[in-house]
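Visitor: Sequence:
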Amino acid sequence: MVRWCLAAGLVLAGTVASPPDATGQVQATVRPGATPSWNKGILPISPESYYHAIECGTQGGDDPPCVFWDTGLCQNDDFTLAAYSAYKQVAYEVWVAVQKGQPAPQPDFQAARRTRVTISATPVAGAENPLTDLVLIRGGEPVLSVDRSVRDGSGRATFDYPAWAPTAAVTLQLVGEARTISCVIEPAVLQQFR
0 MVRWCLAAGL VLAGTVASPP DATGQVQATV RPGATPSWNK GILPISPESY YHAIECGTQG
60 GDDPPCVFWD TGLCQNDDFT LAAYSAYKQV AYEVWVAVQK GQPAPQPDFQ AARRTRVTIS
120 ATPVAGAENP LTDLVLIRGG EPVLSVDRSV RDGSGRATFD YPAWAPTAAV TLQLVGEART
180 ISCVIEPAVL QQFR
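Going letter by letter, the sequence shown gives residues 0 to 193 in numbering that gives the first Met the number 0.
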């Protein structure tokens with residue numbers, strides 16, 4: 000009887016001490032209505048994408064989909080994602096100037112060429128699943144980031160452009176203390192990334 004109580008106590012203690020092994024899966028989407036349209040995916044900046052991004056940045060409004068294409072990407076109850084790329088760098092710089100009533104600038108092309116792709120995850124207000132890791136999976140294997148930081152429940156990871164090529168689906172795993180959110184990003188969605 001004593002052994003049974005001791006064994007039951009150890010099992011219960013192990014259950015309470017370990018975090019739940021829950022996983023949620025979501026499908027990535029890109030905001031509709033982004034003009035000018037784009038279907039080449041995230042690429043290193045080129046003359047074509049540079050001028051395309053400038054045109055995108057001249058869009059009016061508080062939240063143009065071509066600049067903020069990542070709004071709602073991998074939508075879930077725990078984390079909000081944001082993406083940063085050379086295209087977004089150029090488009091955003093132009094958009095900020097246009098919002099202030101200034102003429103569209105010519106952003107630094109060389110600075111844009113040095114920009115890689117950064118994905119950040121921040122907790123949704125009220126969420127109780129602090130981020131512990133952010134992992135990109137391609138072809139069943141984790142993609143090495145060139146830089147990463149996870150602290151205080153938020154994180155970011157920076158990757159080279161080939162990680163986001165729209166040739167195969169990728170999975171972005173948002174690993175939290177309580178559960179992991181796996182976001183599947185299909186090639187058709189990757190093509191619309193900028």
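In short, the hints are calculated from the structure, not lab data. Be careful, since some hints might not be right.
Stated by the list, open to error - Computed Cβ-Cβ distance ranges for the label pairs, DEER-style:
#	residue 1	residue 2	range
1	GLN172	GLY100	38 to 48 Å
2	VAL183	ARG147	16 to 26 Å
3	ASP146	GLY23	23 to 33 Å
4	PRO141	GLN101	13 to 23 Å
5	GLY60	ALA167	19 to 29 Å
6	THR22	THR121	27 to 37 Å
Glycine included, every Cβ here is placed at the ideal spot set by N, Cα and C.
Visitor: Would you say the C-beta atoms of VAL183 and ARG147 sit inside 16 to 26 Å of each other?
Guide: About 21 Å separates the Cβ atoms of VAL183 and ARG147, which means 16 to 26 Å holds.
Visitor: Range first: 38 to 48 Å. Now tell me if the beta carbons of GLN172 and GLY100 are that far apart.
Guide: holds, 42 Å
Visitor: May I ask you to test the hint 13 to 23 Å on the CB atoms belonging to PRO141 and GLN101?
Guide: Distance hint for PRO141, GLN101 is violated at roughly 43 Å.
Visitor: So the hint says 23 to 33 Å: do the beta-carbon atoms of ASP146 and GLY23 match that?
Guide: This hint holds: roughly 27 Å between Cβ atoms.
Visitor: Using the beta carbons of THR22 and THR121, state whether their distance is inside 27 to 37 Å or not.
Guide: Given range 27 to 37 Å: violated, Cβ gap about 20 Å.
Visitor: Just to be sure I understand the hint, the distance between the Cβ atoms of GLY60 and ALA167 should be within 19 to 29 Å; is that true here?
Guide: violated, 34 Å
In summary, the numbered hints that this structure violates are 4, 5 and 6.
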